[in-house]
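Colleague: Top to bottom, those sequences are chains F and C.
Quick note on numbering: the first sequence equals residues 0 to 565 in numbering that gives the first Met the number 0.
Quick note on numbering: the second sequence equals residues 0 to 565 in numbering that gives the first Met the number 0.
Where hints are given, some of them may not hold.
Since the list gives no way to pick out one identical chain from another, each pair is judged satisfied if it fits inside one copy or across any two copies.
Mimicking BS3-like on lysine-lysine, the simulated pairs with C-alpha atoms at most 27 Å apart in a straight line are [to be verified]: (1) K450 / K423; (2) K99 / K309; (3) K8 / K554; (4) K20 / K553; (5) K337 / K302; (6) K100 / K554; (7) K238 / K257; (8) K100 / K130.
Just so you know, these hints were derived from the structure itself, not from any lab.
Protein chains: 2
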Amino acid sequence: MKIAYAQMKVLAGRPGLNTKKILKFIDEARAGGADVVIFPELAISGQMLGDTGLAIPFARDCEACSEEIRAASKNITVIFGSIMERLSKRFKIIEAAANKKWIDDPVAIDFSRFHEKSRIVPTRGVSTPFKLTRRHKNYRGAYIFDARENFVERGLDFCIRFSAEPFGINKKISDDKINCPMIKVGAIGIQNTGKTIYTFDGCSAVYNSRGEIVQLTEPFEESLNFIELEEIDKMPPLKLPEVSEAEKIYRAVNYGVKEFLSQIGMSKVVIGVSGGIDSAVAAALYVQVLGTENVYLVNMPSKFNSLTTKNLSEQLAKNLGCKYFVVPIQESVDWTVKQLEERGIEVSSFVKENVQARDRSSRILAAIAASVGGVFTCNANKAESTVGYATLYGDEAGFLSALADLWKYQVYDLARYMNGEIYKREVIPQGIIDIVPSAELSTAQNVDEGKGDPLKYPYHDYLFRAFVEYNLSPESILRDYKNGELEKEIGCEAGIVEKYFPTAQEFIDDLERWWKAFTGMGVAKRIQSPPILAVTQMPFGARAESQNGVHFTKKYFELKNKLLAR
Amino acid sequence: MKIAYAQMKVLAGRPGLNTKKILKFIDEARAGGADVVIFPELAISGQMLGDTGLAIPFARDCEACSEEIRAASKNITVIFGSIMERLSKRFKIIEAAANKKWIDDPVAIDFSRFHEKSRIVPTRGVSTPFKLTRRHKNYRGAYIFDARENFVERGLDFCIRFSAEPFGINKKISDDKINCPMIKVGAIGIQNTGKTIYTFDGCSAVYNSRGEIVQLTEPFEESLNFIELEEIDKMPPLKLPEVSEAEKIYRAVNYGVKEFLSQIGMSKVVIGVSGGIDSAVAAALYVQVLGTENVYLVNMPSKFNSLTTKNLSEQLAKNLGCKYFVVPIQESVDWTVKQLEERGIEVSSFVKENVQARDRSSRILAAIAASVGGVFTCNANKAESTVGYATLYGDEAGFLSALADLWKYQVYDLARYMNGEIYKREVIPQGIIDIVPSAELSTAQNVDEGKGDPLKYPYHDYLFRAFVEYNLSPESILRDYKNGELEKEIGCEAGIVEKYFPTAQEFIDDLERWWKAFTGMGVAKRIQSPPILAVTQMPFGARAESQNGVHFTKKYFELKNKLLAR
Chain F
0 MKIAYAQMKV LAGRPGLNTK KILKFIDEAR AGGADVVIFP ELAISGQMLG
50 DTGLAIPFAR DCEACSEEIR AASKNITVIF GSIMERLSKR FKIIEAAANK
100 KWIDDPVAID FSRFHEKSRI VPTRGVSTPF KLTRRHKNYR GAYIFDAREN
150 FVERGLDFCI RFSAEPFGIN KKISDDKINC PMIKVGAIGI QNTGKTIYTF
200 DGCSAVYNSR GEIVQLTEPF EESLNFIELE EIDKMPPLKL PEVSEAEKIY
250 RAVNYGVKEF LSQIGMSKVV IGVSGGIDSA VAAALYVQVL GTENVYLVNM
300 PSKFNSLTTK NLSEQLAKNL GCKYFVVPIQ ESVDWTVKQL EERGIEVSSF
350 VKENVQARDR SSRILAAIAA SVGGVFTCNA NKAESTVGYA TLYGDEAGFL
400 SALADLWKYQ VYDLARYMNG EIYKREVIPQ GIIDIVPSAE LSTAQNVDEG
450 KGDPLKYPYH DYLFRAFVEY NLSPESILRD YKNGELEKEI GCEAGIVEKY
500 FPTAQEFIDD LERWWKAFTG MGVAKRIQSP PILAVTQMPF GARAESQNGV
550 HFTKKYFELK NKLLAR
Chain C
0 MKIAYAQMKV LAGRPGLNTK KILKFIDEAR AGGADVVIFP ELAISGQMLG
50 DTGLAIPFAR DCEACSEEIR AASKNITVIF GSIMERLSKR FKIIEAAANK
100 KWIDDPVAID FSRFHEKSRI VPTRGVSTPF KLTRRHKNYR GAYIFDAREN
150 FVERGLDFCI RFSAEPFGIN KKISDDKINC PMIKVGAIGI QNTGKTIYTF
200 DGCSAVYNSR GEIVQLTEPF EESLNFIELE EIDKMPPLKL PEVSEAEKIY
250 RAVNYGVKEF LSQIGMSKVV IGVSGGIDSA VAAALYVQVL GTENVYLVNM
300 PSKFNSLTTK NLSEQLAKNL GCKYFVVPIQ ESVDWTVKQL EERGIEVSSF
350 VKENVQARDR SSRILAAIAA SVGGVFTCNA NKAESTVGYA TLYGDEAGFL
400 SALADLWKYQ VYDLARYMNG EIYKREVIPQ GIIDIVPSAE LSTAQNVDEG
450 KGDPLKYPYH DYLFRAFVEY NLSPESILRD YKNGELEKEI GCEAGIVEKY
500 FPTAQEFIDD LERWWKAFTG MGVAKRIQSP PILAVTQMPF GARAESQNGV
550 HFTKKYFELK NKLLAR
């Protein structure tokens with residue numbers, strides 16, 4: 000039996016367009032001599048549908064599409080999934096059609112968690128076996144939704160696994176052994192839950208009965224693939240490609256940005272470039288996606304911006320060949336302060352810092368973007384996002400935060416990767432990679448004096464990752480610190496904690512400062528932050544967060560008192 | 000048996016503070032001669048905890064609190080709930096302690112849906128009965144989680160219902176009959192899922208065996224209440240108070256704003272007042288919450304603002320007695336346009352509209368708020384929020400959208416209610432109530448010529464409510480229109496559809512325009528909008544929304560073609 004499997008781009012909420020694509024692949028599969036063609040889970044409807052996707056007319060629309068597919072199944076068995084009205088809102092199904100007839104009852108799987116964050120959670124478990132008859136031979140197959148569960152039933156000829164997990168840096172390709180050949184089919188494209196944009200890399204593959212991969216698709220590329228079922232167990236296992244983390248990130252971020260821009264129908268971006276690493280990486284990335292002519296770089300100095308960073312910005316723009324504007328903000332900031340002070344309102348130097356940030360984004364970048372018919376970017380990284388180290392309506396604004404699921408060290412890795420492997424020249428000036436990270440909003444952040452942000456990234460990247468991705472609380476962190484296991488636990492360089500915080504008091508002050516920021520203003524800012532491009536399984540937006548203020552447990556205080564009493 | 004029930008304010012994520020309150024109520028209940036005291040569901044932990052509330056140390060902290068309560072239960076039975084580690088993350092429990100001992104195993108109820116939108120969904124069903132022995136008498140009781148299910152078991156002496164639903168305008172007080180006396184206990188306070196702030200009105204009550212209410216607490220007020228179990232069936236049913244919708248809304252919004260400000264530690268607000276209804280209602284509301292001295296009103300005219308609205312703003316400020324600033328924005332807008340045009344970037348009149356809106360919020364209001372140590376408000380209503388009729392970082396910005404769960408007609412009702420019942424004078428000038436709603440961002444919106452917003456509120460309020468609260472799609476709406484049932488279906492005034500849209504073409508153009516706005520730019524803007532104060536069961540933020548672009552079903556197109564062919 001020849002099996003075709005389609006790693007197709009699925010558009011959530013667009014059943015008509017998906018069905019057109021499915022019909023094209025059915026024709027190609029038939030032309031290629033396939034007996035069966037398999038599509039990704041929910042290929043008609045998509046997964047992340049929101050509440051509008053739960054309206055009855057939408058489900059009926061999907062059902063009408065499945066009838067079109069059935070009618071097109073002449074001489075080929077088509078296995079595909081969709082939501083359907085007749086099974087109510089609480090089910091998803093895998094349909095199988097051949098010779099224009101349904102060959103089996105739809106497999107209905109409870110998806111009561113459908114609604115959770117408007118995303119269908121991949122189902123666990125295994126379907127009841129079904130029978131396929133091709134060329135006078137019977138085959139027993141089953142759908143499998145979680146390969147980690149051992150496949151107990153014996154005597155199956157093959158099974159089909161639907162890979163519905165989005166891309167994540169740490170997502171594993173391999174599956175456990177399940178005792179029969181398995182075809183894993185995944186979609187590509189992007190789908191979103193509003194705030195969080197997930198990329199889907201496909202990850203379709205064929206496994207032999209020993210659980211070894213014998214065929215693997217290119218990630219993020221649409222492809223129709225063929226395999227002879229009887230050959231699978233005779234094929235040698237593939238040597239899986241080794242891909243560096245930076246390369247994985249680059250692929251996913253590049254793909255996600257490209258697809259998101261295409262989905263919202265935008266082809267021009269405006270980027271505020273400060274001479275720092277985040278905006279430089281964003282610029283180099285968007286140029287790859289849209290070309291130099293569609294990326295506008297804007298440097299917006301106030302009196303606090305150094306000649307050093309102004310020159311670095313200009314150098315970056317030259318290297319990339321983009322349109323480059325310098326739009327000073329000092330006059331506007333002074334005017335704002337004057338308007339307030341004339342009315343008896345005193346403006347502190349801290350307030351002036353945020354006035355600068357908002358002047359740049361909400362006054363200049365937004366106006367330029369609208370004028371050129373484009374959008375402007377938010378360049379915040381995940382460390383800044385964790386503790387709200389950004390100004391709302393200022394550097395926290397934009398149409399998309401492409402880097403907001405990357406820790407600072409990953410942003411640097413991406414810079415080096417793009418210089419080394421993509422551009423193969425120093426488009427991001429080394430000076431930008433070497434300079435101390437600084438918002439340059441006051442004299443206290445003078446880069447020429449080596450002053451910058453209050454974040455010590457080689458430690459805080461890892462501390463914040465523990466907060467966000469491991470859900471560790473200060474109590475756990477303080478216990479690890481007390482036991483000398485913190486660096487190992489959170490994954491940062493050994494010796495760094497002692498270096499940054501010679502005393503327990505300093506360590507605790509720092510921990511409390513950032514925990515307060517994470518659970519306090521950080522949450523408030525994230526509520527109003529732009530959509531985030533996800534590259535991990537725990538991006539902001541997917542995390543459930545409430546504005547509940549700061550809490551330390553009793554055990555935390557006990558530990559703290561013991562440490563400080565030493 | 001004398002039962003006390005505490006309608007207490009629960010702070011989500013603050014077990015220590017909640018426990019202190021619980022201990023105080025236990026003392027008061029004992030002093031009042033109660034045999035039993037009942038607390039709201041999850042009174043220790045709160046409901047809307049987010050992911051940090053699922054960390055093990057937090058659950059252990061709650062567990063330690065429950066031990067304190069047990070130790071305080073001398074001579075009284077205490078019934079309360081919390082999350083606890085030993086029952087894993089997937090359970091919530093009702094604990095009962097008396098004479099410092101657990102008198103029963105905790106009742107564990109699956110709450111696998113805990114995680115959904117970081118909110119514990121009220122559980123359905125009934126617990127297994129438990130036994131209470133007081134004064135040598137045995138009582139059989141049960142916990143009930145959904146009174147709509149008939150209580151089949153007979154022979155119970157009483158049951159306890161935990162009312163965990165937040166306030167909603169249409170929430171019913173009454174419950175079905177359950178064949179034994181019932182004490183319903185609810186919390187007050189606010190809890191949030193990040194974007195959505197819910198108010199809890201308590202709604203505690205005592206029901207007799209015939210399902211009639213015999214005791215009812217004041218909504219939104221903390222109270223410890225007593226009842227003799229043996230008296231319940233002898234008490235006459237209460238006549239329930241009749242409360243108008245405007246009064247309900249006022250109470251909830253006033254309470255929600257007050258509690259939210261207190262939770263974030265803010266006591267000063269800055270409000271941009273345009274001379275329109277939304278900002279006027281916001282001003283009158285915040286003055287009630289914070290007092291005149293803590294509310295700063297700012298009028299920010301450009302050349303498009305009429306003398307009419309400038310005078311109305313000033314009149315409003317005078318009536319309320321607030322600090323009032325006029326900060327013109329024309330110079331700044333001109334300067335922005337000049338900076339762009341000098342660099343060869345053309346600025347269209349549409350772009351200039353949004354430049355004004357952002358200049359007001361992100362430049363002026365944010366700077367004033369930070370300078371006076373306060374926050375500035377977002378005054379968007381639900382109709383504007385539905386279709387994104389607001390500018391990001393402009394009138395869509397602010398610390399809280401207090402009116403964003405109110406349709407425009409409800410904003411007007413609130414204005415009349417506050418003038419009539421709260422202030423008992425015309426603080427909101429009648430001119431503001433009578434004037435055509437207008438953003439005054441261009442000459443096309445000249446209020447003195449009767450021109451204003453493109454929204455026809457007497458129809459669009461109801462159309463949008465059908466989109467948002469009933470999840471109706473254009474297919475359903477077009478079918479109702481075709482069948483002449485639309486006005487009845489969506490609840491607007493009869494005859495209004497024909498008046499606004501004499502032809503099917505006009506009706507369809509309008510429907511498609513706003514459906515596109517709702518599912519397109521509207522979603523993108525809501526992702527970055529401020530937190531919303533909920534007064535319905537379907538506020539934005541609680542709706543699952545994806546940025547999937549615009550979809551019309553095949554059946555929609557069939558209906559449309561039929562209608563246009565007529």
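Colleague: Could you run down the list of hints and mark each one as holding or not?
Modeller: Right, here's what the structure says about each hint:
In the homo-oligomer, the alpha carbons of K450 and K423 never lie at most 27 Å apart, since the shortest distance is 31 Å inside one protomer and 58 Å across protomers. Taking the closest pair of Cα atoms, K99 and K309 never come within 27 Å of each other, the shortest separation being 66 Å inside a single copy and 69 Å across copies. In the homo-oligomer, the alpha carbons of K8 and K554 lie at most 27 Å apart only across protomers (25 Å), although the nearest pairing inside one protomer, at 50 Å, exceeds that limit. Within a single copy, K20 and K553 get their C-alpha atoms only as close as 58 Å, which misses the 27 Å cut-off; across copies the closest is 17 Å, which meets it.
Taking identical chains as interchangeable, the C-alpha atoms of K337 and K302 lie at most 27 Å apart whether they share a chain (16 Å) or sit on different chains (20 Å). Taking CA atoms no more than 27 Å apart as the test, K100 paired with K554 passes between copies only; the shortest distance there is 24 Å, against 64 Å inside one copy. For the homomeric pair K238 and K257, neither the shortest alpha-carbon distance inside one copy (30 Å) nor that between copies (63 Å) is at most 27 Å. For a Cα distance limit of 27 Å, the shortest separation of K100 from K130 inside one copy, 14 Å, qualifies, whereas the shortest one across copies, 60 Å, does not.
Of the numbered hints given earlier, the model fails hints 1, 2 and 7; all others are met.
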